[in-house]
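Undergrad: All chains should be modelled from the sequences, with the hints used to inform the complete structure.
Protein chains in written order, with the UniProt record's numbering: chain U, 1 to 334; chain Y, 1 to 334.
Be aware that a few hints might be false.
Since the list gives no way to pick out one identical chain from another, each pair is judged satisfied if it fits inside one copy or across any two copies.
As the list claims (entries may be wrong) - Capping the alpha-carbon separation at 35 Å, the derived lysine-lysine pairs in DSBU-like fashion look like this: (1) Lys289 to Lys26; (2) Lys211 to Lys90; (3) Lys202 to Lys255; (4) Lys255 to Lys324; (5) Lys205 to Lys170; (6) Lys90 to Lys255; (7) Lys147 to Lys332; (8) Lys202 to Lys110.
Just so you know, the hints here were simulated from the structure itself, not pulled from any lab data.
Each chain, letter by letter, is given below.
Protein chains: 2
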Amino acid sequence: MADAQINRQILLVSRPQGEASVSNFKLVETPLAPLQDGEVRVRNHYLSLDPYMRGRMDDAKSYAAPQPLDQVMIGGTAGVVSESRNAAFKTGDHVVGMSGWQEYGTSDGKGLNKVDTSRVPLSAYLGAVGMPGVTAWYGLNGIIEPKAGETVVVSAASGAVGSVVGQLAKAAGCRAVGIAGGAEKCRYVVETLGFDACVDYKAGKLYEDLKAATPDGVDGYFENVGGEVLNAVLARMNAFGRVAVCGMISGYNGKPLPMDAPRLILTQRLKLQGFIVYEHLDIWPQALKELGERIATKKLHFRESITEGLENAPEAFLGLLRGKNFGKQLVKLV
Amino acid sequence: MADAQINRQILLVSRPQGEASVSNFKLVETPLAPLQDGEVRVRNHYLSLDPYMRGRMDDAKSYAAPQPLDQVMIGGTAGVVSESRNAAFKTGDHVVGMSGWQEYGTSDGKGLNKVDTSRVPLSAYLGAVGMPGVTAWYGLNGIIEPKAGETVVVSAASGAVGSVVGQLAKAAGCRAVGIAGGAEKCRYVVETLGFDACVDYKAGKLYEDLKAATPDGVDGYFENVGGEVLNAVLARMNAFGRVAVCGMISGYNGKPLPMDAPRLILTQRLKLQGFIVYEHLDIWPQALKELGERIATKKLHFRESITEGLENAPEAFLGLLRGKNFGKQLVKLV
Numbered sequence: 001m002a003d004a005q006i007n008r009q010i011l012l013v014s015r016p017q018g019e020a021s022v023s024n025f026k027l028v029e030t031p032l033a034p035l036q037d038g039e040v041r042v043r044n045h046y047l048s049l050d051p052y053m054r055g056r057m058d059d060a061k062s063y064a065a066p067q068p069l070d071q072v073m074i075g076g077t078a079g080v081v082s083e084s085r086n087a088a089f090k091t092g093d094h095v096v097g098m099s100g101w102q103e104y105g106t107s108d109g110k111g112l113n114k115v116d117t118s119r120v121p122l123s124a125y126l127g128a129v130g131m132p133g134v135t136a137w138y139g140l141n142g143i144i145e146p147k148a149g150e151t152v153v154v155s156a157a158s159g160a161v162g163s164v165v166g167q168l169a170k171a172a173g174c175r176a177v178g179i180a181g182g183a184e185k186c187r188y189v190v191e192t193l194g195f196d197a198c199v200d201y202k203a204g205k206l207y208e209d210l211k212a213a214t215p216d217g218v219d220g221y222f223e224n225v226g227g228e229v230l231n232a233v234l235a236r237m238n239a240f241g242r243v244a245v246c247g248m249i250s251g252y253n254g255k256p257l258p259m260d261a262p263r264l265i266l267t268q269r270l271k272l273q274g275f276i277v278y279e280h281l282d283i284w285p286q287a288l289k290e291l292g293e294r295i296a297t298k299k300l301h302f303r304e305s306i307t308e309g310l311e312n313a314p315e316a317f318l319g320l321l322r323g324k325n326f327g328k329q330l331v332k333l334v
Numbered sequence: 001m002a003d004a005q006i007n008r009q010i011l012l013v014s015r016p017q018g019e020a021s022v023s024n025f026k027l028v029e030t031p032l033a034p035l036q037d038g039e040v041r042v043r044n045h046y047l048s049l050d051p052y053m054r055g056r057m058d059d060a061k062s063y064a065a066p067q068p069l070d071q072v073m074i075g076g077t078a079g080v081v082s083e084s085r086n087a088a089f090k091t092g093d094h095v096v097g098m099s100g101w102q103e104y105g106t107s108d109g110k111g112l113n114k115v116d117t118s119r120v121p122l123s124a125y126l127g128a129v130g131m132p133g134v135t136a137w138y139g140l141n142g143i144i145e146p147k148a149g150e151t152v153v154v155s156a157a158s159g160a161v162g163s164v165v166g167q168l169a170k171a172a173g174c175r176a177v178g179i180a181g182g183a184e185k186c187r188y189v190v191e192t193l194g195f196d197a198c199v200d201y202k203a204g205k206l207y208e209d210l211k212a213a214t215p216d217g218v219d220g221y222f223e224n225v226g227g228e229v230l231n232a233v234l235a236r237m238n239a240f241g242r243v244a245v246c247g248m249i250s251g252y253n254g255k256p257l258p259m260d261a262p263r264l265i266l267t268q269r270l271k272l273q274g275f276i277v278y279e280h281l282d283i284w285p286q287a288l289k290e291l292g293e294r295i296a297t298k299k300l301h302f303r304e305s306i307t308e309g310l311e312n313a314p315e316a317f318l319g320l321l322r323g324k325n326f327g328k329q330l331v332k333l334v
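TA: Laid out in structure tokens, this is it:
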């Protein structure tokens, strides 16, 4: 009998005090147990890194249960079935699931979905045709409800979610304005993604630049970052503006950042609404169908930041929290 | 020919720098011009004083046009037709309108509504069966949408709006919790209005007292004050909580007060929505009918703070901004 195959995994071993660090994680090697009846084993090709994971690292009241310590860090994965004792899957199937930060995932098949890679690349099912894409779709269509001619602003505009928000807003006939960090990201947002404008928040005059980019004010805002960016955009909101609150990454590392002028909610009759996409499962099929069709027909652009090797996942994740990624952050495992 | 009748009026003559003061207002006497064809003249019996008027005193971007300087201060009024050359009105009709801070209003009849005082007292049409009542009704039913068993909190709970919010929430099967300033107001809110609990924000331990009064958290919040009260209630909100932002009186005198933890909007998936009731005219008839019926059948309690004499309106208004009123603030003119 051959030696058991080894599965490399990354565990969360401690909770951050303030900023997260690589010492919160630990790489371990675990032998793979023989597959049981009904189980399916997936060789993960891509691991998705997403800002929400920072919230799971804390033990605080949040929108999701904390990631337990000393267990495999959660996360979306895309891969290929390597062995199956489950009739619903066969070796070679392309699948996406939530198998976490590890090279192999073993499960009873629940939460594992087969995907068609003939028109959409496997990795895109973790981005524009996955959770980030559906997040963009829901926040825009379910909360902002854009009307043609309106101005829609999105922060973290070059990222996995923001890039889809702006492109869908453009498709809906809106003026799409991004906010991103650095001239290179802004150039990409305008020239490749087709936004009407993009404001570089690192240029030091956020409000003035935003004002120039939104001459008619802001009707819809898709919030990914919080803090000063939120304050600046709120000050540009038109009456009856809608704000979809998807993330506040600038406050994830322990510093709660205030909203300077909540009175604007009243004076401009704004609606601000927080959401998490897993609580709106009813819209996933429609959103995924539309997003998949846009990707397949090249009407939706996406970009990936790919880090190679499971062992580099913690560093890549910390980089994501600091905005070092450019596009959807993935870890390539194969 | 007799001397022309004199109309006493209060004008806004300067804009506040920081806190409003009596020096911003000026009492003048103006002869009444003879009535023209189509006009109707009303002897105002009651002048309504409301927090929104503070916003109109500023020249800043707000939800309404600023009150022009050197003109009669705007405001709701209830009175009796003293003379009419308009077929729609006859002498002795009871009417409500927006004739402002003056003893007589003269108009073409637009915006003037006849009211039935046989079951509802005239002054109540400026309170529970007027703009404040409809404000309560809309914020509760249109934004909070309370479900039986939920907890609804309202600030400025003994006031014209807050008192109606809590009573309607109780009628909808909710736990109604007020926030008010001082033991006497809190006692009134619980014992007379029938709220389940009331927190005295002046007692110095707002969050602890609110926590004790909302053991199951808060599902709906009707915001009248802002500032620390908003921060405390947000920290008690349950997932999917709704906040109707009707007023932020604590910030009206020039100090913008921040929201400490906007991240809660995300983590608790909250909806915050600002509104002004004049933008929802479609719901007024239904709301007024329901409120009038509740008043007529004694199912809705209300309380009034009555100041006598137009000349005392500015002082009474400044008192309202500091929470000195107890119930709906009116100025009695006759």
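Undergrad: Look at each hint and say if it fits the structure.
TA: Cross-check of the supplied hints:
1. Lys289 to Lys26: Intra 38 Å, inter 66 Å, cutoff 35 Å: neither.
2. Lys211 to Lys90: neither (55 Å within a copy, 54 Å between copies)
3. Lys202 to Lys255: both (19 Å within a copy, 29 Å between copies)
4. Lys255 to Lys324: within (19 Å within a copy, 38 Å between copies)
5. Lys205 to Lys170: This pair counts as within: shortest intra-copy Cα distance 25 Å, inter-copy 49 Å.
6. Lys90 to Lys255: Cα proximity of lysine 90 and lysine 255: none, with 47 Å in one copy and 65 Å across.
7. Lys147 to Lys332: Neither: 39 Å inside a chain and 48 Å across chains, both beyond 35 Å.
8. Lys202 to Lys110: So lysine 202 and lysine 110 fail the 35 Å test inside a copy (43 Å) and across (54 Å) alike.
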